[in-house]
Amino acid sequence: MNKILRIVDIAPRVKEYLIEAKEIATHCKPGQFIILRVDKEGERVPFTICDYDAEAGTVTLLVQDVGYSTHKMGKLKEGEFIHDMVGPLGNATDLSEFENVVLVGGGIGCAVIYPQAKLRKAQGKPCTTIIGARTKELLFSIEEFRENSKELLIATDDGSLGTKGFVTTVLQGLIDRGEKIDCVFVVGPMIMMRNVSELTRKYNIHTIVSMNSIMVDGTGMCGGCRLTVDGKTKYACVDGPEFDGHKVDFAEAMNRSGFYREHEGKCKLRGE
Amino acid sequence: MNNSERNKTIHQDPKERICNFKEVSLGFDEKLMLAEADRCLGCKAAPCRKGCPVGIDIPAFIARLKENDMDGAVAQISKDTLLPAICGRVCPQEKQCENFCVRKAKLGGSVAIGALERYVGDYALKSGIVPEKKPENGKKVAVIGSGPSGLTCAADCAMRGMKVTIFEAFHKAGGVLVYGIPEFRLPKDDVVAKEIDKLIALGVEIKLNTVVGKTITIEELQKEYDAIFIGTGAGLPQFMNIPGENLNGVSSANEFLTRVNLMKAYKEDAITPVYCGKKVAVIGAGNVAMDAARTAKRINGEHVYIIYRRGREEMPARGEEIMHAEEEGIEFKLLTNPVEILGQDGKVCGIKCIRMELGEPDASGRRRPVPVEGSEYVIDVDQVIVSLGTSPNPLIRKSCKDIEFSQKGTIIVNEETMMTNVKGIYAGGDAVTGAATVILAMGAGRKAAKAIAEQLGVE
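So the protein lines, in turn, are chains W and R.
For the first sequence, the residue numbers in my numbering are 328 to 599.
For the second sequence, the residue numbers in my numbering are 353 to 811.
In case anyone wonders, no lab produced these hints; they're calculated from the structure.
Where a beta carbon is used, it is the ideal one built from N, C-alpha and C, also for glycine.
Heads up, some of the hints might be wrong.
What the hints assert, rightly or not - So these bits of chain R aren't anywhere near chain W, every CB distance computed over 12 Å:
#, residue
1, Thr361
2, Ile362
3, Gln574
4, Arg611
5, Lys619
6, Val774
7, Ala788
8, Glu811
Unchecked claim - Here are the simulated SDA-like pairs of lysine to any residue, each with C-alpha atoms no more than 25 Å apart in a straight line:
#, chain 1, residue 1, chain 2, residue 2
9, W, Lys445, W, Lys507
10, W, Lys559, R, Asp432
11, R, Lys492, R, Asp432
12, W, Lys574, R, Gly695
13, R, Lys750, W, Glu350
14, W, Lys402, R, Lys750
To be verified - Simulated coverage check for chain W against chain R, where a stretch passes if three residues somewhere in it have a Cβ under 8 Å from a Cβ of chain R:
#, segment
15, 348-358
16, 363-369
17, 413-426
18, 547-556
The shape of chain W in the complex, shown without the other chains:
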């Protein structure tokens, strides 16, 4: 059981949870994820750890109400408990070899790049950060991003804040103005990660994506999260979640990620 210490509404249908999880908090690194079950009969749902505090023994998760379990999670209140949580899973993000990094976050994916922004700032190598969403209400932690970035750039589809367009529009602008970029780390919807990877491929800029595949156990056991990287099958849970964006087969990954949407709760015992 993990106690919810604080809940903050940060955007429409997006909540930030501060959760007690001592062992996870003392062992995790940026980029890793957890799997939780909201209640006793709950499904196992993966979430990236957005922030953690080893001393306080807490982790921060950002949850967007998109399906059955995230909706159920949204009904929990401060002081209540999540049934169980396992982690930290997956590998940590390691951008240490890169001098000039651009972080790109889309929608809820911004939550994943935030700890990197913070870490790089603390290391004295702040990043240029691009965050994007459909409209400005969906963006969050703008001031925190600004504080922890060399420069913060914003894109909204409707132009309600920052550049009107996509994160790729802004990234293209950076490239055009001659910004030195050693690595782009991009987290967001698969289509966005694909489009960013397509753009950077043209300029031969190393690009890391974070794959949020469907998974059950998160320890390499089910193979549900498998994807093709450089022609080889990899597991997002144990080999990732981060991969070279130029080598990921996005068409396949996007096809796989949509699979269970149409099957949620449809297949039951014959005769029942």
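Could you slot chain R onto chain W? The hints should help.
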């Protein structure tokens, strides 16, 4: 001595059972048990024991059964095995103990040792007999994984008065017994949970949702515990590496079975979804393949095929599972090997196979299947479940660099003590042998517990 035929266990009717997840084999009732026990000749040489990986004194416990002395039978079998209710159900008896029974060829067939073992095990569970425990001695043992080897090692250490903590990655204890083997073959609440309750009664602590190497490191465990046993199993699924394997509708048997068994996706009110097609191809012919095929049949499958590149004789599954699968209408496509999975709109729509014929024996002693050129054909399916075995999980390997591993990824141990090259760290079960049986894993857990006791100077 009588020359009676082997007694058959009671079974649920195939037509009924494909509509439910209740146990298929109901074992013996008392009358059948007594009749079958009576068939045991009580051979002094006890050839059956040779066939048992842990050398259970089979004639001795059957002798108690002949007298209907149930407590005596439990006491006797408990000397050699901790999980009779489980092994009686899942051991490949026809290849082990029953294969060596002197009645096998001419005297009405081997004694049904497995079914008798199960009878004893079920009695022990029902009567709630908890093994005796020595006074606590302050020694602490960490057991990683709560499958058969870990459970056994934990129980044996606890009975010797050691304080045992089991670390389990999943939210439920039992390992392959809960995520892999289906309810209709091994009931979770009535059998597995009760075995685990016995451990808890012995004072064993189970820490769920804890991935050793992630949530806590081996080094941390070394500081806190006097000995460590690694029983992390072989959970990594193997795929065929043929085109189309990542299409939607293709999964490992592990994923399919975990969704159904652990997450209860077959139940009306379950939250975890599982995809189950109407025409299902299961690749492989081991126990897990039979489990997957029979599960698919129960959920949605109108046609469920077992696709296997070798012949009937070579199928590695237990005889009883193959028989049950056939009774339930699973269709066997033997000497058939998949070469490509076909898709439409990103989803499985067929599987292209090639016919095989058997050639000379290979390294495994089985005749090597050879493709028949130009014999490719397509089977119309909308789901493919790959069940070609599993290999050890690399998580431990990645997190503990000091332990020696084989090229196959299995942990190298001293076979007498089950100790790894690192003093105080022991291992057993599938993590050491690669995918094998419950009874072998149990035997390894038992051996390790004995060695741990010796190392720590515990009686």
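Is it the case that Glu811(R) keeps its Cβ farther than 12 Å from each residue Cβ in chain W? holds, 34 Å
Given as non-interface: Lys619(R), which should sit over 12 Å from chain W by C-beta: Given that some Cβ of chain W is not farther than 12 Å from that of Lys619(R), nearest at about 7 Å, it is violated.
Given as covered by chain R, does the segment 413-426 of chain W meet the bar of three residues or more with CB within less than 8 Å? Result for this restraint: holds, n = 4.
Holds or violated: Lys445(W) and Lys507(W), Cα atoms, limit 25 Å. The hint holds at about 20 Å.
Holds or violated: the segment 348-358 of chain W covered by chain R, criterion of 3 or more residues with Cβ-Cβ distance under 8 Å? holds (count 3)
Please verify the coverage claim for the segment 547-556 of chain W: does it have three or more residues whose C-beta sits within 8 Å of some C-beta in chain R? As far as the segment 547-556 of chain W goes, the hint holds, because 8 residues have Cβ atoms under 8 Å from chain R.
Regarding the assertion that Ile362(R) does not contact chain W, is the least Cβ-Cβ distance greater than 12 Å? holds, 22 Å
Quick one, are Lys574(W) and Gly695(R) close enough, alpha carbons at most 25 Å? Judged against 25 Å, a Cα distance of about 22 Å means the pair holds.
Verify this label for me: Val774(R) is non-interface relative to chain W, using a Cβ-Cβ cutoff of 12 Å. holds, 21 Å
Could you grab the alpha-carbon distance between Lys492(R) and Asp432(R) and see if it respects the 25 Å cut-off? holds, 24 Å
Since Thr361(R) was said not to touch the interface, does its Cβ keep a gap of more than 12 Å from each Cβ of chain W? Since the minimum Cβ distance to chain W is about 24 Å, Thr361(R) lies beyond 12 Å and the statement holds.
Test the statement that Arg611(R) is away from the interface with chain W: the closest C-beta pair must be farther apart than 12 Å. violated, 6 Å
Hints 4, 5, 10 and 14 from the list above are not met by this structure, while the remaining hints are.
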